[in-house]
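Peer 1: Sequence:
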Amino acid sequence: MKLKPYSTYEELQAYIENQFDYLQMQDDTLNIGFSKRTLQRDIKEIRNVFGIDIEFSKSNKGYFISQNKNENMNFQRMMEAFDMFNSLNLAQDLTPFIHLEKRRPQGTENLYGLLHSIKNRLKIEFTYQKFWDDELSQRIVEPYALKEFKNRWYIIAKDSKDNEIKSFALDRLTQLEISKHTFVYPKNYSVEENYRYCFGIISPNGESPQDIILAFDPFQGKYIKTLPLHDSQVILIDNSEEIRIKLRLCLTHDFLMELLSFGEYLKVIEPKILADKVKKSHEKAYKHY
Numbered sequence: 157m158k159l160k161p162y163s164t165y166e167e168l169q170a171y172i173e174n175q176f177d178y179l180q181m182q183d184d185t186l187n188i189g190f191s192k193r194t195l196q197r198d199i200k201e202i203r204n205v206f207g208i209d210i211e212f213s214k215s216n217k218g219y220f221i222s223q224n225k226n227e228n229m230n231f232q233r234m235m236e237a238f239d240m241f242n243s244l245n246l247a248q249d250l251t252p253f254i255h256l257e258k259r260r261p262q263g264t265e266n267l268y269g270l271l272h273s274i275k276n277r278l279k280i281e282f283t284y285q286k287f288w289d290d291e292l293s294q295r296i297v298e299p300y301a302l303k304e305f306k307n308r309w310y311i312i313a314k315d316s317k318d319n320e321i322k323s324f325a326l327d328r329l330t331q332l333e334i335s336k337h338t339f340v341y342p343k344n345y346s347v348e349e350n351y352r353y354c355f356g357i358i359s360p361n362g363e364s365p366q367d368i369i370l371a372f373d374p375f376q377g378k379y380i381k382t383l384p385l386h387d388s389q390v391i392l393i394d395n396s397e398e399i400r401i402k403l404r405l406c407l408t409h410d411f412l413m414e415l416l417s418f419g420e421y422l423k424v425i426e427p428k429i430l431a432d433k434v435k436k437s438h439e440k441a442y443k444h445y
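When the sequence shown is numbered by my numbering, its final residue is 445 and no position is left out of the sequence of numbers.
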């Protein structure tokens, strides 16, 4: 079925019928019983289970998914996970053709409890171990939000030990306990605004964002165009010699590490302080050889 914002009942019915063979591969007991009554029932079930609202537009004469920007992002991630789950489930006998990365659990077993404590403003306690520290520490925090970066999840929270807002990696967090003690979310703090000009998980700590201009070779630039480094990315030059972009970001360690990963395929044009940092890092790496 052609992708478009609005689909008629007849188009939905035709799509289900066309997909019947594929659906039976996953459940051979499945029978098609598609009607307007079952469609309304399914729409209600989708809303209850997945939180996705499907509505009918009289003016456009079709069904559509009603969502704002944040809901759209959540929906896209959910569909990606759903597609992956279905593909792997369908391909159980095709393991020679599917090669997955060997990954350790990322602490996602605590996601539900953390979301519950964030929504209900409940303090939490957990055991935490930093990557650079062998000692375990006990933390009592006020959880504000969850944040993802490079396939890792973090809880953004105010640490009661020093009243500082920090990020804690979920894969370093154990023995989570949700207390009955509530907290008041600070009126002058916004996780989104705090990380607006950040690449990664490191907070800018009062540092002002800067205009950054980067030049990539045409081949690497294609990846940068299809998967931007940041929301602020703007393309300045796009030709056979280079792809030059402009960003507005704070110069955090996470961002520096990302730039170094591009090696010879990147040149920092501005600011000079960032270009000097990249150059110095490459010079140190060269000395290892």
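The hints are simulated quantities; they were obtained by calculation from the structure and are not laboratory data.
The beta-carbon is built from N, C-alpha and C at its ideal position, and this holds for glycine as well.
Be aware that a few hints might be false.
Unchecked claim - With a straight-line Cα cutoff of 27 Å, these simulated DSS-like cross-link-like pairs (lysine-lysine) come out:
1. K381 / K423
2. K322 / K343
3. K423 / K443
4. K314 / K286
5. K200 / K322
6. K286 / K317
7. K303 / K402
8. K435 / K378
9. K381 / K343
10. K443 / K402
11. K402 / K423
12. K200 / K214
13. K275 / K214
14. K378 / K343
15. K336 / K303
16. K433 / K402
17. K435 / K423
18. K214 / K192
19. K200 / K275
20. K435 / K381
21. K306 / K286
22. K217 / K306
23. K306 / K336
24. K314 / K275
25. K378 / K314
26. K306 / K192
27. K378 / K306
28. K336 / K322
What the hints assert, rightly or not - Pairwise CB distance ranges, derived in the manner of DEER restraints:
29. P365 / I221: 32 to 38 Å
30. P342 / K217: 46 to 52 Å
31. E166 / M413: 38 to 44 Å
32. D432 / I296: 19 to 25 Å
Peer 1: Hint by hint, say whether it matches the structure.
Peer 2: Structure-based check of all given hints:
1. K381 / K423: holds (16 Å)
2. K322 / K343: This hinted pair holds, its Cα atoms lying about 17 Å apart.
3. K423 / K443: At roughly 20 Å apart (the allowed maximum being 27 Å), K443 and K423 satisfy the hint.
4. K314 / K286: It holds: about 16 Å lies between the C-alpha atoms, which stays within 27 Å.
5. K200 / K322: violated (39 Å)
6. K286 / K317: It holds: about 15 Å lies between the C-alpha atoms, which stays within 27 Å.
7. K303 / K402: With Cα atoms ~25 Å apart, K303 and K402 stay inside 27 Å; holds.
8. K435 / K378: Roughly 24 Å separates the two Cα atoms, so the pair holds.
9. K381 / K343: Not OK: K381 and K343 at ~37 Å, beyond 27 Å, violated.
10. K443 / K402: Measuring from Cα to Cα gives roughly 31 Å; hence the hint is violated.
11. K402 / K423: holds (12 Å)
12. K200 / K214: Distance of about 19 Å is within 27 Å: holds.
13. K275 / K214: Since the Cα atoms of K275 and K214 sit roughly 36 Å apart, the hinted pair is violated (cutoff 27 Å).
14. K378 / K343: Given pair K378, K343 is violated - Cα atoms ~41 Å apart, limit 27 Å.
15. K336 / K303: The given pair, whose Cα atoms are some 24 Å apart, holds under the 27 Å limit.
16. K433 / K402: holds (18 Å)
17. K435 / K423: Judged against 27 Å, a Cα distance of about 10 Å means the pair holds.
18. K214 / K192: holds (16 Å)
19. K200 / K275: holds (24 Å)
20. K435 / K381: holds (24 Å)
21. K306 / K286: Satisfied, since the Cα-Cα distance of roughly 18 Å is no more than 27 Å.
22. K217 / K306: violated (41 Å)
23. K306 / K336: Violated. K306 to K336 sits at ~32 Å, over the 27 Å cutoff.
24. K314 / K275: holds (15 Å)
25. K378 / K314: Answer violated: K378 to K314 is near 40 Å, above 27 Å.
26. K306 / K192: violated (43 Å)
27. K378 / K306: holds (20 Å)
28. K336 / K322: Status holds; Cα separation ~22 Å.
29. P365 / I221: 32 to 38 Å: Between P365 and I221, where Cβ atoms are some 34 Å apart, the hint holds.
30. P342 / K217: 46 to 52 Å: holds (47 Å)
31. E166 / M413: 38 to 44 Å: Since the Cβ atoms of E166 and M413 sit about 52 Å apart, the hinted range of 38 to 44 Å is violated.
32. D432 / I296: 19 to 25 Å: violated (41 Å)
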